[in-house]
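> Spelled out from the first residue to the last, the chains are:
There are 2 protein chains.
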Amino acid sequence: MVDILHKIRIHAPQEKVFESLTSQAGLAGWWTQDVKAQARLDAEIHFGFDAGKTVMRFRISELSPPDRVSWRCLDGDSQWKGTLIVFQLSQDGGSTVVHFAQQDWAQATSMFMHCNTKWAYFLLSLKSYCENGVGTPHPDDLKL
Amino acid sequence: MVDILHKIRIHAPQEKVFESLTSQAGLAGWWTQDVKAQARLDAEIHFGFDAGKTVMRFRISELSPPDRVSWRCLDGDSQWKGTLIVFQLSQDGGSTVVHFAQQDWAQATSMFMHCNTKWAYFLLSLKSYCENGVGTPHPDDLKL
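Order-wise, the sequence lines are chains B and R.
All letters in the first sequence, in the order written, are residues 7 to 150 by our numbering.
All letters in the second sequence, in the order written, are residues 7 to 150 by our numbering.
Rather than coming from a laboratory, the hints here were simulated on the basis of the structure.
Yeah, the Cβ is synthetic: ideal placement off N, Cα and C, and Gly gets one too.
There's no promise every hint is true.
Claimed, not checked - If you anchor each label on the Cβ, the simulated ranges turn out as follows:
1) B/Ser70 to R/Leu80: 14 to 24 angstroms
2) B/Arg65 to R/Gln97: 14 to 24 angstroms
3) R/Val140 to B/Lys42: 31 to 41 angstroms
4) R/Asp81 to B/Lys42: 49 to 59 angstroms
5) R/Gln30 to B/Lys42: 47 to 57 angstroms
6) R/Gln113 to B/Pro71: 41 to 51 angstroms
7) R/Ser29 to B/Ser67: 40 to 50 angstroms
8) B/Val140 to R/Ala31: 24 to 34 angstroms
All chains, please: the whole structure from these sequences, using the hints.
As structure tokens, this is what we get:
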């Protein structure tokens, strides 16, 4: 098993970052505009890509405001199915540090490498969205 | 041992990408402006950060134009020392695919997570430099 692991510093309050990771408007602002989400433990959340051709479904498996949220992937991509996405937040002075993980990939495939780079791209989008109000969510994302 | 692994597509000829990974002007265009490099097997190359407070030294351990270059880290950071950085290029239609690795980290520390995100940032800088002539090399990089 291998994990995607990132760390990024965001100059915004922890509550703002947490809200951006859990509300429909927040998630639409940095990951994908095609999202159905609610901030409730055990809720299903859906993220669409490529005009709905791909839909990633997750279940919210942890919801501990304003520190931690995690999602278990139910389906959408064979390599993503079963992986666990975790956002762990902490305050450091005036900024918020995000430790991100997508745990339990079966192998470090070329798709894993692509997704690792793309997660960094979307975390930079999250940073920009929280700091300036403007992210680069799909379908406006750079194709890598 | 854990590896940082990325993949990115660049809309530029493979020779242009390879030149950007091996020449002094190329490396200064996307990673750090403070660089001493030459494209010769076994040569030492130096990359400075934070006004010279940190200097990363590498030895070029593979140089196979236009497909592959690798550097072994000699010193500069205790967690980087001994790691191997590999850029593997391939042509795919009109674009170049870069598989990047920094191999043989002892552990997936918080520094590993930071560097993983930061490598993606600099690979996006490499992409922009090769495609548009403008990267975001240190010290003009975003602090993450």
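> If I claimed the Cβ atoms of B/Val140 and R/Ala31 lie 24 to 34 angstroms apart, would that claim hold in this structure?
33 angstroms, holds
> Starting from the range 41 to 51 angstroms, see whether the pair R/Gln113 and B/Pro71 falls in it by beta-carbon distance.
30 angstroms, violated
> How does the Cβ-Cβ distance of R/Ser29 and B/Ser67 compare with 40 to 50 angstroms: does it lie in that range?
48 angstroms, holds
> Do R/Gln30 and B/Lys42 keep their Cβ atoms within the hinted range of 47 to 57 angstroms?
50 angstroms, holds
> For the range 14 to 24 angstroms, tell me whether the beta carbons of B/Ser70 and R/Leu80 fit it or not.
Violated - the Cβ-Cβ distance for B/Ser70 and R/Leu80, about 43 angstroms, lies outside 14 to 24 angstroms.
> For B/Arg65 and R/Gln97, compare the CB-CB distance with the range 14 to 24 angstroms and indicate the outcome.
41 angstroms, violated
> Are R/Val140 and B/Lys42 spaced within 31 to 41 angstroms by their CB atoms?
Holds - the Cβ-Cβ distance for R/Val140 and B/Lys42, about 38 angstroms, lies within 31 to 41 angstroms.
> Should the hint that R/Asp81 and B/Lys42 are 49 to 59 angstroms apart at their CB atoms be regarded as holding?
50 angstroms, holds
Hints 1, 2, 6 from the earlier list are contradicted by this structure; the remaining hints agree with it.
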